[in-house]
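If you read the protein sequences in the order shown, they are chains A and B.
Numbers in my numbering are just positions in the first sequence, counted from 1, shifted up by 10.
Numbers in my numbering are just positions in the second sequence, counted from 1, shifted up by 10.
Do not rely on the hints blindly, as some may be mistaken.
Said to hold, decoys possible - No more than 25 Å apart at the CA atoms, straight line, and that leaves these computed lysine to any residue pairs for SDA-like:
(1) Lys145/B to Glu380/A
(2) Lys553/A to Pro53/B
(3) Lys553/A to Thr348/B
(4) Lys236/A to Pro508/A
(5) Lys272/B to Leu122/A
(6) Lys553/B to Glu50/A
(7) Lys275/A to Pro53/B
(8) Lys396/A to Glu380/B
(9) Lys272/B to Asn124/A
(10) Lys220/A to Val26/A
(11) Lys577/B to Pro53/A
(12) Lys577/B to Glu50/A
(13) Lys396/A to Gly397/B
Keep in mind the hints are simulated off the structure, nothing from the lab.
Note that the coordinates shown come from a computational prediction; the quantities given were computed from them, not determined experimentally.
Number of protein chains: 2
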Amino acid sequence: MKIARIDFGAAGGPQVTYGPLGEYAGLGGRAMTSLMVATEVHPLAHALGAENKLVIAPGMLSGTTGSMSGRLSVGCKSPLTGTIKESNAGGQAAQVLARLGYAAVVLEGKPLGNDLYKIVINKDGIQVIVDNSLKLLDNYPLVAKLRTEYGDKVAYMTIGSAGERMLLAASIACTDPELRPTRHCGRGGVGAVMGSKHVKAIIIDDAGAKMRPPKDPDAFRDANRKFVEGLRKHPVTGEGLPAYGTNVLTNILNEAGGYPTKNFKSGTYEGSSKLSGEAQAELEIKRGGKATHGCHRGCVIQCSGIYNDKDGNYLTKQPEYETTWAHGGNCGIDDLDTVAMLDYMDDNIGVDTMEMGVTIGVAMDAGLIEFGDKEGAIRLVEEVGKGTPLGRVLGCGATVTGKVFAVERVPAVKDQAMAAYDPRAVQGIGVTYATTTQGADHTAGYAVATNILKVGGDVDPLKTAGQIELSRNLQIATAAIDSTGMCLFIAFAIMDQPETFQALLDMLGSFYGITMTGDDVVALGKKVLSAERDFNTRAGFTKHHDRLPRFFYNEAIAPHNQTFLMKDEELDDVFNW
Amino acid sequence: MKIARIDFGAAGGPQVTYGPLGEYAGLGGRAMTSLMVATEVHPLAHALGAENKLVIAPGMLSGTTGSMSGRLSVGCKSPLTGTIKESNAGGQAAQVLARLGYAAVVLEGKPLGNDLYKIVINKDGIQVIVDNSLKLLDNYPLVAKLRTEYGDKVAYMTIGSAGERMLLAASIACTDPELRPTRHCGRGGVGAVMGSKHVKAIIIDDAGAKMRPPKDPDAFRDANRKFVEGLRKHPVTGEGLPAYGTNVLTNILNEAGGYPTKNFKSGTYEGSSKLSGEAQAELEIKRGGKATHGCHRGCVIQCSGIYNDKDGNYLTKQPEYETTWAHGGNCGIDDLDTVAMLDYMDDNIGVDTMEMGVTIGVAMDAGLIEFGDKEGAIRLVEEVGKGTPLGRVLGCGATVTGKVFAVERVPAVKDQAMAAYDPRAVQGIGVTYATTTQGADHTAGYAVATNILKVGGDVDPLKTAGQIELSRNLQIATAAIDSTGMCLFIAFAIMDQPETFQALLDMLGSFYGITMTGDDVVALGKKVLSAERDFNTRAGFTKHHDRLPRFFYNEAIAPHNQTFLMKDEELDDVFNW
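Hey, can you work out the whole structure from these sequences and the hints?
Below, the structure written as structure tokens:
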């Protein structure tokens with residue numbers, strides 16, 4: 011494996027160099043991106059300037075025959091949060107990049123002039139090509155145009171107009187097996203950093219490359235088989251997610267009173283049943299779409315789907331729970347077709363669906379449009395695509411929108427929008443929102459699992475007891491899983507089934523020819539988090555930033571009539587391990 | 011003296027209470043606002059929420075017969091910077107408020123509903139009155155309307171449409187002796203905080219009130235006489251400022267290579283002579299305006315002026331140096347009439363002229379308009395007045411504008427725009443920009459005095475030696491002066507003339523019946539800064555925030571071809587006293 015660096019500030023134009031892994035040997039995914047960013051990027055760098063780097067890294071097991079190993083990590087200093095950032099996505103890119111032998115591709119420096127670049131990566135190496143014909147294309151037409159040149163047997167990573175305009179909520183799209191730009195490194199504005207390097211598209215072609223070979227192929231095959239068995243037998247990964255996707259959570263969170271409604275003003279939504287995973291799956295099947303689909307080859311959970319419009323034509327991927335919530339209940343909108351249209355628009359323009367949904371909720375609170383205004387929400391996202399001043403504000407996310415329109419209720423931590431779980435009804439996820447290195451991010455330590463789904467134990471969501479330890483352990487485990495290239499959803503099975511966790515350890519061990527224990531996983535997770543925390547400290551973040559916005563402490567929310575209860579001193583204990 | 015508190019969140023509407031000074035006894039101006047905010051406001055409060063307070067405090071000597079004692083301090087948590095904030099202005103308000111016996115008037119809580127209030131303060135007490143007829147009036151028409159009701163023998167404090175819209179660069183206007191809303195608490199968005207309390211105007215009527223009596227009237231009169239003599243004999247306060255106003259600095263800074271041009275891309279400006287104080291004074295006199303004028307009664311420096319339009323009609327006050335720079339050379343505009351029009355518009359809408367000028371420069375860098383586009387600059391400020399999405403962005407200042415339009419070169423510290431001195435050519439002011447508790451603020455420790463004007467000694471502006479100690483001492487002295495109610499311009503005379511400094515000490519001592527020494531002044535300054543630093547620390551600010559933007563370290567500037575040279579460790583030493 012090797013690391014490729016592309017210096018866009020080089021005299022005479024972008025220059026590619028290849029090198030060994032060196033101090034980054036053995037790392038992958040989030041471990042690779044976070045260690046490299048923490049080591050090489052000035053913590054006070056302007057995130058859109060020459061001093062920032064965009065690190066693209068497949069996981070430790072990406073490119074192998076191991077199931078679920080197709081997550082790609084993208085890391086940098088975030089222009090949205092100012093913290094270190096790792097944003098990961100499914101799709102095809104990680105597998106393909108890893109098979110070509112890249113442990114990381116790093117975009118560095120800043121180009122002079124206005125030329126737009128595409129990067130072609132194949133078995134012959136890396137080419138950086140000026141292609142101004144791609145300017146301001148959004149993701150769907152962009153990929154369609156690229157396919158006429160590079161075909162369908164490659165993976166595409168692209169930015170839409172939002173990334174090119176360097177909007178702070180801009181994402182990087184990765185194509186799924188059907189070449190649709192639907193799997194996004196969504197969070198933290200990584201698309202803006204790609205845009206700041208003037209890189210519009212990365213085309214990754216693994217023709218001629220092979221699967222990465224394990225040190226012990228038999229043991230690897232055996233471990234992978236047990237791993238798949240474990241995923242298939244767990245009720246979440248074997249039943250709930252395949253049948254209804256992540257949106258299985260709508261009814262569950264609404265019943266738990268943790269479904270943030272109309273910009274976090276209530277914990278239950280009267281229209282939630284219309285947005286549920288059950289309703290969504292039924293509609294998808296009726297219209298000839300799919301309720302069960304994998305976002306990358308090698309996935310056995312298949313939580314994705316295909317959402318067709320009323321005429322049975324492809325509209326977008328199956329919107330995730332968090333997207334359906336953000337554009338749905340959070341905006342008082344109970345219509346799946348509107349949510350799906352907004353999901354498509356976000357993917358096309360290239361913005362984080364969660365950040366956009368929360369931003370529209372903030373804009374509704376500001377009075378720009380009414381809660382429940384479906385056409386209004388679509389009109390606002392259209393503005394983002396057009397790049398009007400209003401669109402640029404919205405495309406910069408909830409915090410900037412809150413500042414510009416003087417809204418006090420902005421559900422964000424470190425300037426990143428929260429997800430679909432109210433921390434007053436699910437105290438554990440509040441601990442994660444507050445303390446994660448990433449800005450509010452439910453995936454960084456998904457305490458919803460144990461607070462609500464009762465996976466990995468049972469911690470009362472309305473009480474403070476046990477939440478710190480829960481979030482701490484989940485954040486450590488997540489940092490490790492995000493480094494393997496494994497989809498985070500494997501966590502449901504490995505938290506409940508020791509033999510499935512052992513199978514994962516054996517996959518890692520047999521692939522690298524080492525012995526891998528649970529302690530090693532914990533050590534890896536801690537190493538990643540420590541590097542991230544260190545970067546953030548040097549960037550000026552303190553314990554005072556590890557707090558929720560004040561309104562969560564001051565405003566009780568229905569139905570539990572409760573505020574966020576965690577004490578500051580408790581939050582400060584999360585990283586005392 | 012007493013403290014009045016108005017609780018806008020009280021059941022049944024705003025409620026006024028009066029109380030003794032208690033723990034705040036002996037404090038005034040910045041000492042009063044900063045100690046009270048640091049003590050009473052949650053450091054993580056939303057600046058536009060119920061938990062923030064707007065503290066309005068005349069200085070320790072305001073309301074006396076002492077010369078130059080008419081500065082009013084306004085303090086709060088800043089919505090622009092997130093730090094503690096003290097913003098002070100001249101005009102009539104401080105004298106009048108102090109004579110009525112108020113050491114502070116504090117706006118607290120947040121009103122329900124949309125009613126707009128005016129506050130009338132007179133010898134009978136404080137009345138809070140709903141007056142929705144004032145909605146969205148800008149400062150000039152607002153004061154004109156109020157004058158029909160309250161006449162010309164009162165002082166007005168008002169916000170324009172920007173404050174009402176809670177834009178982050180919104181100011182609070184104080185009327186001058188001619189009842190013009192030209193003296194602004196400009197910095198840090200204090201007008202937005204007043205707007206968040208729904209307070210449109212404060213009418214202060216001291217009819218029936220008397221001068222505040224000194225403990226030792228004879229000694230006070232004698233000290234005041236010596237103080238005035240000292241101001242009249244110093245070349246800056248006795249000649250330069252009266253003749254040309256603050257704009258005497260244009261030629262001086264341009265010659266020193268420290269005049270930031272076209273959004274901080276050069277240190278000299280080819281059009282500077284057209285913007286100079288000399289040219290301005292000549293034009294003002296020619297058109298029947300005034301080049302010498304006091305912003306409040308009791309001023310002996312008279313650095314203000316009256317700027318008439320081509321037809322000899324009043325247009326605006328004499329634009330300050332920083333305004334002329336911000337809207338002039340910083341935007342590549344070399345036309346005094348354009349600058350004066352922008353000054354008038356800023357005052358009328360109620361936004362900080364420095365923040366707006368720097369913001370327009372950032373917008374020019376983003377390509378919204380070209381550098382030098384006079385009509386374009388006026389059009390952009392018109393947008394602010396209209397409250398369009400673009401106008402709201404611009405009205406939120408340089409940092410928000412830089413985020414929304416993806417501009418890397420944003421000359422701001424802690425999200426507040428720098429002033430008219432490039433820190434690469436005047437290293438001492440860079441130390442102040444970086445380390446002051448207020449966000450970039452030249453007045454917080456005006457090292458330009460000793461770096462360029464050679465007042466209070468001579469420290470080479472291009473070298474690092476002596477800058478830390480200089481900025482430290484100036485920041486301490488400034489915090490004390492800002493507490494006395496004295497105009498900061500007295501500093502030129504008291505730094506060079508020991509007998510004038512002694513006269514100031516004697517004024518304070520004879521007024522309060524104490525002995526006041528230089529050490530006492532230093533102790534007062536340190537007490538204020540310590541409270542401010544403590545608040546900022548609890549709000550999450552660290553030494554990593556006490557830095558300039560990276561481009562000052564990475565881009566050398568003409569003519570000295572030099573970067574900002576101060577080491578991080580040196581900056582961290584400013585508050586080690």
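Structure-based check of all given hints:
1. Lys145/B to Glu380/A: Holds. Lys145/B to Glu380/A sits at ~23 Å (cutoff 25 Å).
2. Lys553/A to Pro53/B: Distance of about 13 Å is within 25 Å: holds.
3. Lys553/A to Thr348/B: The given pair, whose Cα atoms are some 47 Å apart, is violated under the 25 Å limit.
4. Lys236/A to Pro508/A: 11 Å, holds
5. Lys272/B to Leu122/A: Between Lys272/B and Leu122/A the Cα gap is close to 19 Å, so the pair holds against 25 Å.
6. Lys553/B to Glu50/A: With a Cα-Cα distance of about 21 Å, the restraint between Lys553/B and Glu50/A holds, given a limit of 25 Å.
7. Lys275/A to Pro53/B: 24 Å, holds
8. Lys396/A to Glu380/B: Holds - the C-alpha atoms of Glu380/B and Lys396/A are around 22 Å apart, at most 25 Å.
9. Lys272/B to Asn124/A: 21 Å, holds
10. Lys220/A to Val26/A: This hinted pair holds, its Cα atoms lying about 23 Å apart.
11. Lys577/B to Pro53/A: Measuring from Cα to Cα gives roughly 16 Å; hence the hint holds.
12. Lys577/B to Glu50/A: 20 Å, holds
13. Lys396/A to Gly397/B: 20 Å, holds
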